[in-house]
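Novice: Keeping their order, the protein sequence lines are chains X and Y.
All residue numbers for the first sequence refer to the working numbering, where the first residue is 1 and numbers rise by one.
All residue numbers for the second sequence refer to the working numbering, where the first residue is 1 and numbers rise by one.
Worth flagging that the hints you see were computed from the coordinates, not collected in a lab.
On a predicted model such as this, the values are computed, not experimentally measured, just so you know.
Among the hints, a few may not be true.
[What the hints assert, rightly or not] Dumping the calculated DSBU-like pairs for lysine-lysine here, alpha-carbon to alpha-carbon at most 35 Å: (1) X/K131 x Y/K167; (2) X/K128 x X/K85; (3) Y/K71 x X/K62; (4) X/K85 x X/K131; (5) X/K85 x X/K62.
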Amino acid sequence: MSQVPDPEIPVISLTDLGIIRDVEWQDDTLVVTVTPTYSGCPATSVINLDIEAALRDQGIEKLRLERRLSPPWTTDWITPEGREKLRAYGIAPPVDGTAADGRLMGRGAPLTGDSNLTIACPRCGSAKTEKISQFGSTPCKASYRCTDCLEPFDYFKCI
Amino acid sequence: MASADPAVDRTAYFDWLCRLGDNCLVLGHRVSEWCGHSPVLEEDIALANTALDLIGQTQFWLGLAGEVEGKGRTADALAYLRDAAQFRNVLLVERPNGDFGMTLMRQFLFDAWHIEMLRALQRSSDPRVAEIAAKAVKEVAYHLERSADLVIRLGDGTDESHARMQKALTSLWPYTGEMFMADAVDQAVVAAGIAPDPASLRAAWGQTGAEGMGAGTLSRPEGHFQHRGGKTGRHTEALGFILADMQFLQRAYPGGTW
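Start from the sequences and build out the full structure, keeping to the hints where you can.
Specialist: Structure below.
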């Protein structure tokens with residue numbers, strides 16, 4: 001599984017992403033339990049196809065994929081290696097321990113999302129960055145801009 | 001995964017799940033109509049992302065509805081092969097997009113209800129409902145953050161944007177009451193501990209709404225008349241146009257896939 005890249009962010013693997021919840025043999029069938037990132041993430045079906053293809057390449061004939069919703073996926077499950085790979089790729093990794101829990105993250109201004117989170121620029125490391133939009137190129141990313149090096153970048157938003 | 005159905009009338013439970021799923025489906029479709037037409041690129045992407053979340057949530061709710069119904073209907077079959085009278089969404093979500101302000105106001109009024117409903121559903125007696133709610137509530141927190149932010153900024157913006165937001169609020173207000181009205185279907189799922197009493201969500205919704213309106217310098221419309229009917233399948237003509245668009249392919253080419 002650690003060889004299978006995420007279809008939309010190919011620098012990290014499915015295990016880096018933390019979506020493989022369980023792998024076990026049930027008699028002669030290998031059961032892989034996967035949790036979706038966002039409910040409507042279009043990569044979900046591609047991920048399932050990729051898992052199947054990778055396991056068949058390893059000579060595993062009988063396999064079954066199961067979906068598990070609970071506990072819901074959180075960006076806290078992205079591994080430290082995964083975070084480093086994201087940063088090197090130009091995507092600011094999620095700030096640890098700030099995953100949204102449905103209570104608007106206990107923000108100072110819950111209705112507008114103003115918070116004192118510091119998102120460091122993945123290019124120059126500057127902390128002087130600003131949010132352009134909470135919704136970026138995919139459901140899991142927000143758009144930011146560095147006010148020092150002026151580079152726009154994606155931030156892997158916490159959920 | 002629990003498989004035992006809770007002790008509740010199956011037809012009522014199915015209907016109630018369709019209400020949740022159809023709210024997400026119809027609003028998701030409405031929001032997706034903006035794709036490629038928004039005022040700026042970031043808003044286009046944000047609307048498309050919101051629509052995507054809602055359609056994803058639809059698959060969970062209608063998937064569970066099909067399971068509860070027990071007649072082998074999938075989420076796709078329920079979305080594409082029911083006619084308007086079988087849809088159970090509130091009238092609010094089928095209101096036409098109007099201008100950008102109207103779309104955002106509709107989203108804000110819905111999001112503020114949606115998040116309270118999902119929070120309560122995390123304590124549902126049916127673990128299948130609780131786990132979908134726990135997943136969806138995190139996404140909806142972002143929807144509300146965005147719709148509230150823009151309602152405030154446009155309400156408290158220029159004279160033109162303020163006037164448009166107030167007009168949107170006045171126009172949509174009579175469609176908000178239906179979210180809090182309970183009928184026999186609601187009472188059945190409330191009694192089984194599956195869902196909260198719809199009326200119990202009103203206070204928190206009203207508070208979020210009042211904060212957003214206050215910060216956006218908008219005034220709550222007068223008048224108490226409230227439309228109803230969507231939850232029991234009596235829709236406005238708007239839904240028919242949505243379904244004609246959304247269901248065309250499956251009607252013209254039954255079973256078509258790609």
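Novice: State for each hint whether it applies.
Specialist: Do the hints match the structure? See the list:
1. Distance check on the hinted pair: X/K131 and Y/K167 sit about 29 Å apart at the alpha-carbon level, within 35 Å; holds.
2. Between X/K128 and X/K85 the CA atoms are separated by roughly 22 Å; this keeps the pair inside 35 Å, and the hint holds.
3. A distance of roughly 29 Å separates the Cα atoms of Y/K71 and X/K62; the hinted pair therefore holds under the 35 Å criterion.
4. At most 35 Å may separate the alpha-carbon atoms for a hinted pair to count; X/K85 and X/K131 meet this at roughly 22 Å.
5. Restraint check for X/K85 and X/K62: the C-alpha separation of about 32 Å stays at or below 35 Å, so the hint holds.
Comparing the model with each numbered hint stated earlier shows that all of them hold.
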